[in-house]
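Q: Take a look at the letters that make up each chain.
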Amino acid sequence: MAWTSLALDLLGVFFFAVSGSLLAVRREFDIVGSLLLGTCVGLGGGILRDVIIDAGVPRAFDSPIYLVPPVVAAVVVYFFAHAVQRFHNLLLTFDAAGMALFSVTGTLVALAAGMNPTAAAILGVVTAVGGGVIRDVVANDVPQIFRARGLYAIPALIGAALTSLASWAGWFGVGTGTAIAAVVFALRMVSLRYRWGAPPAGGHHGTPQLPPAV
Amino acid sequence: MAWTSLALDLLGVFFFAVSGSLLAVRREFDIVGSLLLGTCVGLGGGILRDVIIDAGVPRAFDSPIYLVPPVVAAVVVYFFAHAVQRFHNLLLTFDAAGMALFSVTGTLVALAAGMNPTAAAILGVVTAVGGGVIRDVVANDVPQIFRARGLYAIPALIGAALTSLASWAGWFGVGTGTAIAAVVFALRMVSLRYRWGAPPAGGHHGTPQLPPAV
Amino acid sequence: MAWTSLALDLLGVFFFAVSGSLLAVRREFDIVGSLLLGTCVGLGGGILRDVIIDAGVPRAFDSPIYLVPPVVAAVVVYFFAHAVQRFHNLLLTFDAAGMALFSVTGTLVALAAGMNPTAAAILGVVTAVGGGVIRDVVANDVPQIFRARGLYAIPALIGAALTSLASWAGWFGVGTGTAIAAVVFALRMVSLRYRWGAPPAGGHHGTPQLPPAV
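Chains as they are written, first to last, in UniProt numbering: chain R, 1 to 214; chain L, 1 to 214; chain H, 1 to 214.
Keep in mind the hints are simulated off the structure, nothing from the lab.
Among the hints, erroneous ones may be present.
Claimed, not checked - Reference listing, derived: stretches of chain L covered by chain H, where coverage requires no fewer than 3 residues with Cβ under 8 Å from a Cβ of chain H: (1) 48-59; (2) 67-80; (3) 115-122; (4) 195-201.
The beta-carbon is built from N, C-alpha and C at its ideal position, and this holds for glycine as well.
Isolated chain R (complex conformation) (with noise of 0.2 Å):
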């Protein structure tokens, strides 16, 4: 069991890094950039949950395995970077996927360490959408989520939500798990196809021209 935990963990890493890596040959990096930022991505929102929670080095440190898929991820997108252009659908799949499921892990590995129901939620938040946030802000571009395609953050947060709420109740096993991260993905595939959206930051009166905030 904890070997399908920790290959699904890998494969998660493996998906996120890849955005990385394809947005590194997006904005022209190098092969250096492009390791460096999908190492960001699959790793960066479980580092920032660990510092946080405090528990010693983070796993990503811990167990060089963690190291593996960005390194290939790479690999992959510097041969078949074209190849993977095609199956773009496929990539949003299985970044959905990757969200879904850190939404899940990160809120139990926060919970593990003795963090509130509520902090843990958070951590868990941090953990799914985090990398993909550092990313962004590590390339010099508007994170996505601040103005994304489809609901994302909104999703992660409710399948941290109840997988804190589950582990509260004394409900969370394999089943409960596996059944908070279909809904968590099947909410952000439907957002996707039907473009829903969250509303804009100031309400629908049009963008009033503000002055500098500072």
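Based on the hints, put chains L and H in the right spot on chain R.
A: Just chains L and H now, with coordinates in the frame of chain R:
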């Protein structure tokens, strides 16, 4: 007294969070971006400080009540962005109050964690200005304090240094703390009013055309 | 010996800080931005490493003397920006020396904190290149190492890996450390001279037009 301190802290978080949510409106982010950006600016400085002093879980995660002000800020901005726009000077005022408050409380938290006086003062500055830097970096802007209107980091440094000095000398108390925060606040407001600014990084020789540094 | 090591470390911090302050001049920041940016690049890599290895307070905060080099750098750049500009090749030389030094010392600090050899080498790279990435991200640029002139991250990785390997094999000493740093330095300088570069992220097929990744 602890309640007063918590209330003031939460008020500071709230006004900082409003500045993040207003930036989200100006950049046409959605409500998720508004909430995330407001959280970054309201809680980012304190989280940075707590991660550096390595004294367990950052208090923003330990006490879920810290998540309330950013949510309220995002909701207020969603419904009242137009009204908030009119109170721009009010906002600058409260931002200055938050900065003044955090420069004192941030230093105290670092001292309480056993940091030396110099490091505690630096961490007070990190608490006071860190959230704003994170806000600007994440939103893909140049940090405003790098070319601030009026003085910003300098009053924060003065407040943090005075707090650290007063604690070291055994003079710190409610009265001293209030007086220091008032001085910081006044310096910020006066510098805005009279358009004081720090000198340019390269002196007043005009800006040389430098080649790339690396 | 510890004094030599501290002196070299502070010298590395100083030359990195100069690169941050010079970037501040080019971006027309004020003296506060110059100091903050210089501090980020001089101390950022080491702070990142120390936060990840979770071995208490980062040494930059524990020993206030680490704050001296960024202050000196900001003052030097303020008064002598024009002169520093003429010594651009000198600056690249010292930046390379700092990077070479930090790739060795960063790895040693991580090993001393009990990290496994692979993680220690990665953290050596983080120490050597992290400050520069933080500098570029905070100043709203694309990190230079993502599309570096000459090789940068690769020599750092070679230096960190050799340091980790030599320690593991029991061969590490002052002589070995100096030799490794010299190799890293030479590789960086030679790669600049002969315009070596890493291949592009997407291989040599031309840049495909990819759709957004998420």
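Q: Examine the region 115-122 of chain L for residues whose CB is less than 8 Å from any CB of chain H, and state whether their number is three or more.
A: As far as the region 115-122 of chain L goes, the hint holds, because 5 residues have Cβ atoms under 8 Å from chain H.
Q: Mind taking a look at whether chain H covers the region 195-201 of chain L? Criterion is 3 or more residues with CB to CB distance under 8 Å.
A: Per the Cβ count (5), the hint holds.
Q: At least three residues with a C-beta closer than 8 Å to a C-beta of chain H: is that true for the region 48-59 of chain L?
A: Coverage by chain H holds here, the residue count being 4 at a Cβ distance below 8 Å.
Q: Given that the region 67-80 of chain L was listed as covered by chain H, double-check it with a C-beta distance under 8 Å for 3 or more residues.
A: Our answer is that it is violated, as 0 residues pass the Cβ test (under 8 Å) against chain H, missing three.
Comparing the model with each numbered hint stated earlier shows that hint 2 is the single one that does not hold.
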